[in-house]
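Colleague: With these hints in hand, go ahead and build the complete structure from the sequences.
Protein chains in written order, with the numbering used here: chain Z, 1 to 394; chain U, 1 to 291.
Where hints are given, some of them may not hold.
[Unchecked claim] Only pairs whose alpha carbons sit at most 16 Å apart, straight line, appear in this in silico EDC-like list of lysine to aspartate or glutamate:
(1) U/Lys-289 x U/Asp-257
(2) Z/Lys-214 x U/Asp-70
(3) U/Lys-289 x U/Glu-238
(4) U/Lys-270 x U/Asp-241
(5) U/Lys-270 x U/Glu-211
(6) U/Lys-232 x U/Asp-274
(7) Z/Lys-222 x U/Glu-228
(8) Z/Lys-340 x U/Glu-231
(9) U/Lys-270 x U/Glu-238
Simulated from the structure, these hints should not be mistaken for lab results. The structure presented is a predicted model; accordingly, all values stated were derived computationally and were not measured.
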Amino acid sequence: MMQVTRFPARATGPAERIAGFMAHLRMNGLAVGVGETAAALRALGVIDPTDAAQARSALKAVCASRAEDFARFDALFAAYWFNRDRQRERQERAQNEAREASRHAPGLSGERAALQSGTPERPDDDPDGAAAHQGEGRLVAARTRNIAGTDLREFVTPEDVAAAEAAAERLARAIRDRRSRRRRAAKRGAQLDLRRVARASIATGGEPLRLFRKARPERPAKLVAILDTSGSMTVYARVFLAFLKGLTAADTTTDAYLFHTRLVRITDALRDRDAMRAINRLSLLAQGFGGGTRIGSNLAAFNRGYARRLVGGRSVVMILSDGYDTDPPEVLGSELARLKRRGCRIVWLNPLKGWKDYAPVARGMAAALPHLDLFAAANTLDSLAALEPELARL
Amino acid sequence: MSWTSLQHDLAAHGYIASDDLAMALHLALALERPLLLEGAAGVGKTQVAKTLAEVKDARLIRLQCYEGLDATHAIYEWNYQRQLLAIRTAAEGGETGEAVEACIFSDRFLMRRPLLEAISQDSAPVLLIDEIDRADEEFEAYLLEILSDFTISIPEMGTVHATARPHVILTSNGTRDLSDALRRRCIYSYVEYPDRAAELAILAARHPALEPRLAAQIVGFVQALRREDLEKTPGVAETLDFAAALSGLGVNDLADDPVALQAALVTLLKTQADRAAIPTELAQRLAGKAA
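Modeller: The following block contains the structure:
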């Protein structure tokens, strides 16, 4: 939802209006500062600012600094300068507020109880079970996107965080940190390879004309972790989130995602040094946390988006999920096969596998099995720690 | 110069820029700030810099980034071998000490790499820093310093100040996220695949000999292909190759020559999976619709 600034009717000069526009952009999440305001004013000086289309293009070039901002900018511009969308916005907000009120008054406590007792089949935002009347019963529940911003602070207790992070860092090292202390001859490198230089210098009468260098050989694997935070996984979510935080902390190239009804990249949020801000960012990202599971289509989104750029032959993709999927199992199978074709290795950690007598009968899980390099239990921290030798072998 | 005249100049040199892109480029020139271009592969990000160099009649200096790019390949390097030889000759000639040192750390032994080259030109060149996302983060940080004040300090020689500020264009394919600091220093534009009209104009600019009807078919076909679920979506460069291939094969109408169409598809579909995803019948159908 877009926040709309009240148009400053009393603002007189263009500078003041631009400053107001910048505040409007900032409020909507664009990273603009004083420098951008100055640049925007200068930019308007070199074009014809009375032409709205020109002004919009110019301000867009100055203020937007990433693809998402670039795409949103026109709407933000119209909202501020033409008061567009305000009418609709206001109506929507009124409706939303009414809806929220009816939902949250009885719902908040019910929602929490559902999360804690781990009954994922009930839609968390639907306490009176209205969805069941729609004829599809429990499956409707899993398909409903839970838009309530679940507060992750409740999921993360300090001890769990510490233990999971420690286990994760050990694991990440097992997979990644095979960087050798030995150095090998390389074209470029921090150190001179004295032995080779000396030997080559014999041919040039003792002058070390050709310099050889050595460097540490490249590290082999890059880790990509994808966490399922759907309803059926909420009981594990807090520990796994800490686990992901440990993984990303151990290495600067590790990438982390979570998915429920849609896929969200959380690497940057996990890497935020300010712990409170990280939690806030995660709560924002995790809207839908505890909702339904769509593993197949989320993997498809991953394959078509991030994986194209970020997954290659040196990657290990780690999926943390219980394999309960509302998408058809063929989708999951074919998407895993597609991911596999990028040359990566796929590890699936399933908390259910640690249970006694577990068999991968969930249809999604059965479809996934042939494409996995490692399928392991992950219901306790011990089982996570026990993965270390297995992963090191991959 | 206004942004529309810049757009016209670009078009005169065969580059059809969208309004947003032309405006961003105009501002980058007017405000003397670097321009950061993002977008899918093959939408013509690199070509912007090349065409701008032609329009401005300036030299194009290109720095192709890659993993592990370091200062010796981006900024400058001393010609170590020649220095050694110079020391040897100097020693035989009886020169010593400071005279030799002044000699071997002079301009003669300095190998200029793109960044130093760019700031020591008499007239402003266009500096293209291609695929900045492939370079390491440390290099990005160093680049920030250069882009903000256009000076490079060489410990043995002193600081080199830019005689003419280069027009800097950075491109990124998004292999990794760029730092906020770099993004904020730049004017930004996201280059989309061209729409139908723009792509027709590009085709007309690059292949003027092409029949308008066939050109319309080609553009329609490629635009339809972009909507298919492909691993590598064909870019503008692929469209141009496709057009060249078709005119090379002597095709006049896409719809009635399935064999030639299938043969020319090699210029558009670059992976095995994509070739399998677009069988002959589907290609025919898309071509039929485009006609």
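Colleague: If you test the structure against every hint from before, which numbers come out violated?
Modeller: Per hint list: 3, 5, 7 violated.
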